[in-house]
Amino acid sequence: MQELDIAGLGSVRVTRKNDNVVVIEKDLATEQMVLAMGPQHPSTHGVLKLECLTDGEVVTEAEPYLGYLHRCFEKCCENVDYPAIVPYTDRMDYLSGMNSELAYALTVEKLLDIEIPRRVEFIRVIVAELNRIASHLVAIGTYGIDLGAFTPFLFCFRDREIILGLLEWASGARMLYNYIWIGGLAYDVPSDFLKRVREFVAYFRPKAVELSNLLTENEIFVKRTRGIGIMPADVAINYGWSGPMLRGSGVKWDLRRNDPYSVYPELDFNVPVPDGKVSDVGDCLSRHLVRAWEMDESLKIIEQCIDKMPTAEGFNPRSAIPKRIRPKAGEVYARAENPRGELGFYILSDGKSTKPLRCKARSSCFVNLSAMKDLSKGQLIPDLVAIIGSIDIVLGEVDR
Amino acid sequence: MEEGKVLSQSVQQSAAAYAIIHEKFGEALSAFDANETMPFFEVLDTSLWPDIALLMRDHPKLKFNYMACLSGVDYQAEEKLGIVCNIESLGFFNHKLAVKVKCPRDGGFIPSVSCVWHTANWHEREAYDMYGILFTDHPDLRRILCPDDWEGFPLRKDYKVQETYHGIKVPY
Numbered sequence: 303m304q305e306l307d308i309a310g311l312g313s314v315r316v317t318r319k320n321d322n323v324v325v326i327e328k329d330l331a332t333e334q335m336v337l338a339m340g341p342q343h344p345s346t347h348g349v350l351k352l353e354c355l356t357d358g359e360v361v362t363e364a365e366p367y368l369g370y371l372h373r374c375f376e377k378c379c380e381n382v383d384y385p386a387i388v389p390y391t392d393r394m395d396y397l398s399g400m401n402s403e404l405a406y407a408l409t410v411e412k413l414l415d416i417e418i419p420r421r422v423e424f425i426r427v428i429v430a431e432l433n434r435i436a437s438h439l440v441a442i443g444t445y446g447i448d449l450g451a452f453t454p455f456l457f458c459f460r461d462r463e464i465i466l467g468l469l470e471w472a473s474g475a476r477m478l479y480n481y482i483w484i485g486g487l488a489y490d491v492p493s494d495f496l497k498r499v500r501e502f503v504a505y506f507r508p509k510a511v512e513l514s515n516l517l518t519e520n521e522i523f524v525k526r527t528r529g530i531g532i533m534p535a536d537v538a539i540n541y542g543w544s545g546p547m548l549r550g551s552g553v554k555w556d557l558r559r560n561d562p563y564s565v566y567p568e569l570d571f572n573v574p575v576p577d578g579k580v581s582d583v584g585d586c587l588s589r590h591l592v593r594a595w596e597m598d599e600s601l602k603i604i605e606q607c608i609d610k611m612p613t614a615e616g617f618n619p620r621s622a623i624p625k626r627i628r629p630k631a632g633e634v635y636a637r638a639e640n641p642r643g644e645l646g647f648y649i650l651s652d653g654k655s656t657k658p659l660r661c662k663a664r665s666s667c668f669v670n671l672s673a674m675k676d677l678s679k680g681q682l683i684p685d686l687v688a689i690i691g692s693i694d695i696v697l698g699e700v701d702r
Numbered sequence: 003m004e005e006g007k008v009l010s011q012s013v014q015q016s017a018a019a020y021a022i023i024h025e026k027f028g029e030a031l032s033a034f035d036a037n038e039t040m041p042f043f044e045v046l047d048t049s050l051w052p053d054i055a056l057l058m059r060d061h062p063k064l065k066f067n068y069m070a071c072l073s074g075v076d077y078q079a080e081e082k083l084g085i086v087c088n089i090e091s092l093g094f095f096n097h098k099l100a101v102k103v104k105c106p107r108d109g110g111f112i113p114s115v116s117c118v119w120h121t122a123n124w125h126e127r128e129a130y131d132m133y134g135i136l137f138t139d140h141p142d143l144r145r146i147l148c149p150d151d152w153e154g155f156p157l158r159k160d161y162k163v164q165e166t167y168h169g170i171k172v173p174y
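Note that the protein sequences, when read in sequence, are chains V and D. Letter 200 of the first sequence, counting from 1, is numbered 502 in the numbering used here, and no numbers are missing. Letter 168 of the second sequence, counting from 1, is numbered 170 in the numbering used here, and no numbers are missing.
Be a bit skeptical, because a hint or two may be false.
[Stated by the list, open to error] Result set (DSSO-like, lysine-lysine): computed pairs, CA atoms no more than 27 Å apart in a straight line: (1) Lys377/V x Lys625/V; (2) Lys654/V x Lys159/D; (3) Lys630/V x Lys102/D.
Simulated from the structure, these hints should not be mistaken for lab results. Here the structure is a predicted model, which is why all the values come from computation and not from measurement.
Can you make the complete structure from the sequences, with help from the hints?
Structure, rendered in structure tokens:
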């Protein structure tokens, strides 16, 4: 064995085997390096900053920094009336505004204890499920991009555009709807709306299969996601994970089933969880698969809603909306299943004011992201990208 | 609680869960508030809060393994700050409970439960960020949504916004 200095790399110990020089050990300077990923980084899905401590290509620690998109949602809520908060909830999770509105409306309705017309409930579920599909399409499409697959993204946005068109037709806006109001809806759906939704369902079913095959039968995609970022079920629960993240870890928990609200108890749908055959339970691929399967369940729900829905005869979407919303003194915590997990609102009312004393949003991505530090330990940098993508964060909701 | 009022099933479950905790900790807890929207109890002896949390999580008949939410609240009339935790049992039982813990407005602190439920870690940071509630034994108590050098705690009822932040005018 002898020591050489090759190309200024420092001291390199080499040995000779059959006249070839074989490097057996490098005494290179291997100090840990701090690498800031974000806030302007394409794979952090918005303005998230990860401060990674890296040892070569291995991340020894990653600390998320949030708040770049903090818009004082909770402070604003203290200064406006109950109905005026609805547009703010749209802006939290801007990819699934309908679901956020639904969660907020449910919370205030629980505090007010009012009955909602049945047709309103069905329309709410239809638009929320449409929005869930649109949101999952973005999640799946951008996840493909993170891992180098560009085509699925284009497919996703092509189909998402149809959903946004439908929702725009109903509410007048593409993303920030202000459609689900406390006690009712802004408008009834247009007369041909349900027919067009049915057409979309028929159109989208085969497209969803195509999309799924494009990713989950792609060797590169599976190699990048299977067995990466595994989260055991008990740790996931302790971290407060919910939605597709928790179901990806094999826990059959869906608020639409386990803490039912609106008309979900009447509807027949499955809660898909990975069985460990095509993915390792709790890894990135499982979380992706759960989203893909959920889109199919949403289609089922939409079809059933259209069938079961009462007719529009004599229907006024604003009939149950209270003239003046002033809940009695008390507090409430209610939640709904958002595409990203449990979105809950805690509202404290003093019984005198038309403004809430305290309105706290329990954001699903905020809680899901809090496990990032544990998940990223010892991962390679490219796998870190796969893990962030699988959490499917929307920074608007994380920072509120 | 009004006499003779019939409680819904979920509130009865919460009441049964409360009874088990009350048996162990007795005086440290307030009476059970059996309202329909959010049944809760308050922890009067705040130093026992982590022990209560551990019992809630690990007792075979409670199994409160999932903390849904932790919200900071400013109880201005009582001169207190506090937290409201919504905790439930996921996969074992159907019961859920809300727990309130309060501390004095100035110089008060609440023991952290982030070692019991990881969810509490970031939520407690948020409560500190917005209300200035200090959580003892928290592994990493820093601001989370506001910048580190922000002045004051924005969600306190007596909060006055700073005039400028690094030369930028703040109130609009």
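Here is what the structure says about each hint:
About 25 Å separates the Cα atoms of lysine 377/V and lysine 625/V, which keeps this hinted pair within 27 Å; it holds. Between lysine 654/V and lysine 159/D, the direct Cα distance comes to roughly 17 Å. Compliance with the 27 Å bound is thereby established for this hinted pair. As the CA atoms of lysine 630/V and lysine 102/D are separated by approximately 20 Å, the hinted pair is consistent with the 27 Å bound.
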